[in-house]
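Novice: Sequence:
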Amino acid sequence: MSQEAAATGRGGMVWALVITSVAGFMAALDNLVVTTALPAISEDFGGGIHDLEWTVSAYTLTFAVLLMFGAALGDRFGRRKLFLVGLTIFTGASAGAALAPGIDALIAARAVQGVGAAIMMPLTLTLLTAAVPAAKRGMAYGIWGAVNGLAVASGPLIGGSLTEHISWQWIFWLNVPLGVALLPLARLRLKESHGTRAPLDITGTVLASAGLFGIVYALIRGNIDGWTSVQVLAGLIGGGLLLAAFVRHGIRAENPMLPMRLFRNRAFAGINAASLLMFLGMFGSIFLLSQFLQMVLHYSPTEAGLRMLPWTGMPMIVAPIAGYLSDRIGGRPVVAVGLALQAIGLAWFAVVLSPDVSYAAQLPALIISGIGMALFFAPAANLVMSSVIPAEQGIASGANNALREVGGALGIAILAAVFSSQGGYGPAQNFVDGLQPALWVGSGAVALAALATLAIPRRGKAAEHVSTVREDSRTLVDA
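All residue numbers for the sequence shown refer to our numbering, where the first residue is 1 and numbers rise by one.
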C-alpha cells in the first residue's frame, strides 16, 4: 500500500470514529439527561413529577422497541443512508423539544427523538467496523465505548448544569449544532455499506416492537400505577407472549430480523446476557445515587455531577486501554474483570452510605465503579461485533443495544421498587434505608453479568463459533 493510500485509510478511520462516537454520545446522553431537569420543566409547564415521567419514558420506549428495526432498515437500504435519516430525525426532534410550548408537545418530541436514535445508534457500530481494519478495532471500540459510557453516566451532570446555569431547554438545544455539523461530515466521510439485503421482516418487527413496548411500558409504569394494576399486568403478560412468539418466529421464519441461531453462538449469547444485566445494575444505581447526592447530601445538580466524575469520567481514561488489552488477550477476561469491579464498587456504596457520609468514604467506590464500567464498554462492543459474520453485524448491534435499553429500563424499575418498599423520599435516613438494599440488588445483577461471561469461549475457540454461524448461514441460504 502506498503512503498516500495508507494516509487516506487512516483519515477515513479517524473520521468514522469521530462521527460515530459523537452520534452515539448524543443518543446515549438523552437516556438520563432529563432526570435532573424535571423540577424546572414542572415549574414551567405545571403538573407533578409523575406527569413528567413521560418526558423520560417516551424516549426510552421508542428507542428500545425500534432499535432492531432501525438496524434492519440500514442493512436493507444502506447503513450510511439510514444513519443520515436517523440523525436528521433526532436533530429535528431535539429542536422540537426545546421549542415545545407545553408538556404534551415535549413528550411527543421526545418520542420522535427516540425514533431517530433507534435508527442512528445501531448503525454507528456497523459503520465504524466497516471503516477500521480488524487489527485496530479493539482500540477504535475502546474510544467509541469511552464516549458512549461517558454519555450514559454523565447525563445527570450535563442536564443539571445546563438547567442550573442556563435553562432546561438547552438540554435539547445542545444536540442541534452537533447534529447539523455531523450531517455533511457523515455524507462525505462515511462509506456506504449493506447487510444481507434480505426482505424486511415485518412480522418479526411488529412482534418485537409490540412485545418490548408492553414490557418496557409496564416496567416504567409499575411504580406509578402499581405492579398488580391491570395495565401493568397486561403489559408484562402480553409483552412476554409477544416476545415468545418473536422467538418462535426467529426460529422458523426464512429471513427473520433476528435469527435465533445466533444465540447458539456462546459468545453472542453470553455477551448479550452480560450487557442486559450490566445496564440493569448500572442504570438503576446511577438513577438513585444522583438523587442521593442532591436530596440527602444537599449538593446542587452541578456539584453532584462533579463529585461523580471519578466514576463518570474514568471511561475516557481507561476504555482505550481496555480496547488495547482486548486486542492483546481477548475481550472475555477484560469484560469479566470490569463487571466484577463494577459489582464491588456498587457493594462498597451500599456498605458506606449514611445520611452524613463523607466524600472521602465514597471515593474508592466511585473509582472502582468507573474502572469497571470502562473495562466493560470497549471489549463488550468488540465481542458483539466479532461474534457474527460481517453481513449480520447490523442485526447483532441492534439486538445488543435493544437489550441494553431494556436492561436500563428494568434496572430503574426494579431498583426504584426496592427503594420504595424499604424506604423512600422524606427524611435522610429513610432515603438511605431504601437506597442500600437497592444498591445490593444492583451489585448482584452486575455480579451475575460477570458470571454470564463464562459462557463466552476463550480467545482460541471464538473463531470456531463464528465459523459455525457462517456454516449455518450458508446452509440456510443453500436450502
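What the hints contain is simulated information worked out from the structure, not anything from laboratory work.
Do not take every clue at face value.
As the list claims (entries may be wrong) - Here are the computed lysine-lysine pairs in the DSS-like style, where the Cα-Cα straight-line distance is at most 30 Å:
| no. | residue 1 | residue 2 |
| --- | --- | --- |
| 1 | Lys81 | Lys136 |
| 2 | Lys191 | Lys81 |
| 3 | Lys136 | Lys191 |
Claimed, not checked - For each label pair, taking beta carbons as the anchor points, the in silico distance ranges come out as:
| no. | residue 1 | residue 2 | range |
| --- | --- | --- | --- |
| 4 | Ala234 | Ala428 | 34 to 40 Å |
| 5 | Trp15 | Ile329 | 27 to 33 Å |
| 6 | Trp170 | Thr88 | 33 to 39 Å |
| 7 | Met295 | Val180 | 34 to 40 Å |
| 8 | Ser358 | Ile317 | 23 to 29 Å |
| 9 | Val230 | Ile367 | 42 to 48 Å |
| 10 | Ser420 | Pro364 | 26 to 32 Å |
| 11 | Trp170 | Leu306 | 17 to 23 Å |
| 12 | Ile237 | Ser358 | 42 to 48 Å |
| 13 | Ile329 | Gly46 | 52 to 58 Å |
| 14 | Asp356 | Leu200 | 53 to 59 Å |
Cβ atoms here follow ideal geometry from the backbone N, Cα and C, with glycine treated the same way.
Novice: Report the numbers of all earlier hints that the structure fails to satisfy, in ascending order.
Specialist: 6
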